[in-house]
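**Q** Sequence:
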Amino acid sequence: MSLQVYPSGAWDTPARLTEEARQVLDLFLPLQLQSDLVIAQAGQSLDGRIATDSGHSHYVTGPRDILRLHRLRALVDAVIVGAGTIAADDPRLTVREAEGDNPVRVVIDPNGRLDRSRQVFRDGAAPTVVIRRRRKEDPERRRAEREASARTCLAPGGDTAIDLPAGPSGTIDPHDVLAALRNRGCRRFLIEGGGVTVSRFLDAGAVDRLHVAVAPLLIGSGRPAFTLAPIATLEQAIRPACRVFRLGEDVLFDLDLRAPLRPATPADPGGRP
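When you line the sequence shown up against the numbering used here, it's residues 221 to 493, in that order.
I should point out that these hints are in silico values taken from the structure, not numbers from a laboratory. Be a bit skeptical, because a hint or two may be false.
Now the in silico label distances, taken between C-beta atoms and shown as ranges [what the hints assert, rightly or not]:
#, residue 1, residue 2, range
1, L237, R354, 46 to 52 Å
2, D232, S255, 20 to 26 Å
3, D393, T233, 41 to 47 Å
4, R459, S228, 18 to 24 Å
5, N331, Q254, 30 to 36 Å
6, L253, R459, 36 to 42 Å
Because the structure is a prediction, the values reported are computed rather than measured. Yeah, the Cβ is synthetic: ideal placement off N, Cα and C, and Gly gets one too.
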């Protein structure tokens, strides 16, 4: 198939494509063209929940959105999740529903709460990197970290721990996480979950693009997709450039957080909509 791709991510072809094939090109070509990318994602209900109060989340969104998620995994070097996601869901974080290589699995576990019975630590499908809080200055450990930074993040087999400084609250700066992984050769990242981890990367301004898939489902009380820093007025809200895709019964919002932001609310001298 002849395909003309432009720097903007737009494309053209004389071939007759199905609507689904066109949607795949529209959604993923702009991502494929970016050599450095941080994309976050969430699959949520209409009322903004990613799981019930008990943590049950399999699955909020439908099969076409699950396929989108696996395609994202295939596009990136590393997929990043918090320890809570591993504890609650025990995901493999591999590419199974689409073609492509498995990404490096990165688990942010500052306090070392996870045991090694989880799938990401024992299935051998891809390297797993654990991000931990640095307890104290340890010259020997720092030397080992410097040696590890010279190796590619995509080296086959084995698990690695990276110790990073934490702030007063015990959390690790998302920019430090990305910098440590870039030092190991990773350039394209998917912040897959959970809601707390995605929110921390968003609050830090570390995300280039955000996918939010919304399912026609009402959960009621449950775990929110996002918990961001509070704002006082709607004018402070983020309204990024947005594209909308239909994925079966779900609706996907593809948000470009690096494009110029639009006003959050229409300007009106009378103070009314």
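**Q** Determine for every hint whether it applies to the structure shown.
**A** Verification of the supplied hints:
1. A beta carbon spacing of about 51 Å between L237 and R354 agrees with the range 46 to 52 Å that was offered as a hint.
2. A hinted range of 20 to 26 Å holds for the C-beta pair D232 and S255, which are about 23 Å apart.
3. D393 and T233 have their C-beta atoms about 43 Å apart, which keeps the hinted 41 to 47 Å range intact.
4. In this structure, R459 and S228 meet the distance hint of 18 to 24 Å, their C-beta atoms being roughly 21 Å apart.
5. Look at N331 against Q254: about 33 Å separates their beta carbons, and that is inside 30 to 36 Å.
6. Between L253 and R459, the C-beta spacing of about 24 Å breaks the proposed range 36 to 42 Å.
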